[in-house]
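Read off the chains here:
There are 2 protein chains.
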Amino acid sequence: MDLDVIRELVVKNDSKIVLLVIDGLGGLPNPDTGRSELEASNTRHLDRLAADSVCGVTVPVGIGITPGSGPGHLALFGYDPLKYNVGRGTLEALGIDFDLKRSDLAARGNFCTIDEQGLITDRRAGRISTETCAELAAELRKIELPGVQVFVEPVREHRFMLVLRGDGLADDIADTDPQHVGKAPLPAVAERPRAEASVKLVNQFVEEARKRLADKHPANMLLLRGFSQWPELPHMSEVFGLNAAAIALYPMYRGLSKLVGMSVLETGTTVQDELETLRQNWDKYDFFFVHYKATDSRGEDGNYDAKVAALEEVDTIIPGIIALGPDVFMVGGDHSTPAMVAGHSWHTVPFALWSKVCRRDRVEMFDEESCRAGGLGIMPATSAMPLALANAGRLTKYGA
Amino acid sequence: MDLDVIRELVVKNDSKIVLLVIDGLGGLPNPDTGRSELEASNTRHLDRLAADSVCGVTVPVGIGITPGSGPGHLALFGYDPLKYNVGRGTLEALGIDFDLKRSDLAARGNFCTIDEQGLITDRRAGRISTETCAELAAELRKIELPGVQVFVEPVREHRFMLVLRGDGLADDIADTDPQHVGKAPLPAVAERPRAEASVKLVNQFVEEARKRLADKHPANMLLLRGFSQWPELPHMSEVFGLNAAAIALYPMYRGLSKLVGMSVLETGTTVQDELETLRQNWDKYDFFFVHYKATDSRGEDGNYDAKVAALEEVDTIIPGIIALGPDVFMVGGDHSTPAMVAGHSWHTVPFALWSKVCRRDRVEMFDEESCRAGGLGIMPATSAMPLALANAGRLTKYGA
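If you read the protein sequences in the order shown, they are chains A and B. Each number in the numbering used here corresponds to the 1-based position in the first sequence with 514 added. Each number in the numbering used here corresponds to the 1-based position in the second sequence with 514 added.
These aren't lab readings, by the way, just hints derived from the structure by calculation. Bear in mind that the values here come from a model prediction, so they are computed numbers and not experimental data. Treat the hints with caution; some may be incorrect.
As the list makes no split between identical chains, a pair holds if one copy fits it or if it spans any two.
[As the list claims (entries may be wrong)] Derived EDC-like pairs (lysine to aspartate or glutamate); straight-line CA-CA distance at most 20 Å:
#	residue 1	residue 2
1	Lys-807	Asp-819
2	Lys-911	Asp-691
3	Lys-597	Asp-518
4	Lys-730	Asp-636
5	Lys-870	Glu-814
6	Lys-911	Asp-815
Chain A with its partners taken away, still in its complex shape (with noise of 0.2 Å):
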């Protein structure tokens, strides 16, 4: 649905919406028991919820699409992640908490092996230790460049963030990295003529770095990805006329909040203070995020069990939620991530809203299968946000 027409349709009112994501949610059976991760946790709460929900599956992008986060939250978020897309160096930013800003021109870094004759032996420079990584960042920071500022962040073993600061950037940038071993890296190239200055000045950090990293085998050299730009997204008070506010514990789900305007919330370490945090912010918002994050990291661990525990976990916090008497309460996740196949897939994802109004299904558990067969079918994921709404007595007529 377009979001000029809910935008047309959003009314006013004092409800509370409450947006559980479950971070990969969807799994796959084992193929030992025939039971997915859902189906054989003892996920009660969530049950119930979907007991008195009316349920379905969601599609987050498209069928046989796996999506990465950002597209997979944009969708729940109620934005077609195909028309709106976030860059790989604009999320590697805001998956480490660097702040952002709009003009910021930020791509995603890797650190690579050379020969003596420049050509790539090895796209990750041996998976170099993190420590590693923060000092060879420490030391490409002291680049200077004309007109720019420019950040380099550590983010995992051989991957960091650039990001120029500065007047006039522009993110119409080819990627460095040539993606295969035996070739050099490619100079950046601007894919749009606006683009020219910068890609000048990123060739010109480029050939710093690689002075500066000659003899750091073997990182002595690097590779940069996914220029981006803070990507120009509607926030949701625009279009959903809502006061919306995220709980997150990782940062990457509190950049993706940022980009659609949410107010994101200081709060703990565990989904207990997730919880808390929710409690105590009740009344200042009227639409919650609250994610999530451990069934994901199970499901990309390949760790069936351990993702079982996850969603155990995650159920306890739902009577809680529940006794805050929130109007609308969804609970779906941005994509599957199935133990089975050790990270994000295709597969839909479970999903159950519930209201005084929702038309309740026959549904009376909460995992794929049963889901799917609930009032909601198979449904794209950008549908949640105008079910809510709705849900929520928040959109009126449309024509008469």
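Given chain A, put chain B in place with the hints provided.
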């Protein structure tokens, strides 16, 4: 999903994908028994496959739209048939295995009957025999036009194919068939200026044919429809990174495969021959389209029992395909051809996809109602290919 999005995500690996198209697969309940052809047939191999797969029903073009063979297949090949259209003339040429060249101008021809005033009295010339059609085609083939070669080939009964071959031809030409008796055949008219030279040639052909057919009553005139040229479809190698091969007994399906860049494999005359061809070529390609025709033919005949028997015949090759060890095995149909309708229909079509990570659902039988309750629900047929690529590990993440 836009093919440009898929194209960007494609990676290559050594997986094998098989798409078995059971033409006209979907059916309708026999009013005497309440069972569809699939429900009545003993297709135990298909049922076992469905039980191990994720199932659904496909919508070939759109809800309520009955597809021809062209759109039905293009959709399963991943091409939106509303965007990529194959003209009737082109399909007619492909359907008789005519060696169509890229710049050829093709049309579907009908012999018809006109009276002394030149008005049509029978648009199908009394459905003359195919033999008579062949004799008349041989006569028309003698017509000479300036600068182009003329090909006229019989198709069936009153139907023939006209192809003009030469430089600078264009297909923006309106039909000469007025679609009603009591009217005169229309002159060919250019729909765009670039087709004016071609129109002149077509009208010259028609006037010469009128003279040569004058004493051939009831086939004393002709009508031309569906002027078209080879449609510029991106090849499966470009958009999906697949080295694809087609195995089909009928020319039409071999021709449609050529349009999307598949290699057409020599095969025999039975479905067992098709299986053998698949076996012999297993190492040479990474995608195989295998076509089975009899289900559609028997459905078109309105012969319920014969369609059941055809389903049981194609069922026999399922174990042989599985024995080859495909990474992804899809079974579907280009459209429904219920014996009750004795023709193509708009109904959804059963679909099953097996892979190790398909997220098997609770479907136990391969039939219309069972599949609809499956994990894929009601799905656009164009989603089959992205889903197959995902299950084969051939699509990377969208966004970071």
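Query raised in the report: What hints, given by number in increasing order, does this structure fail?
Result: Hint check: nothing fails, all pass.
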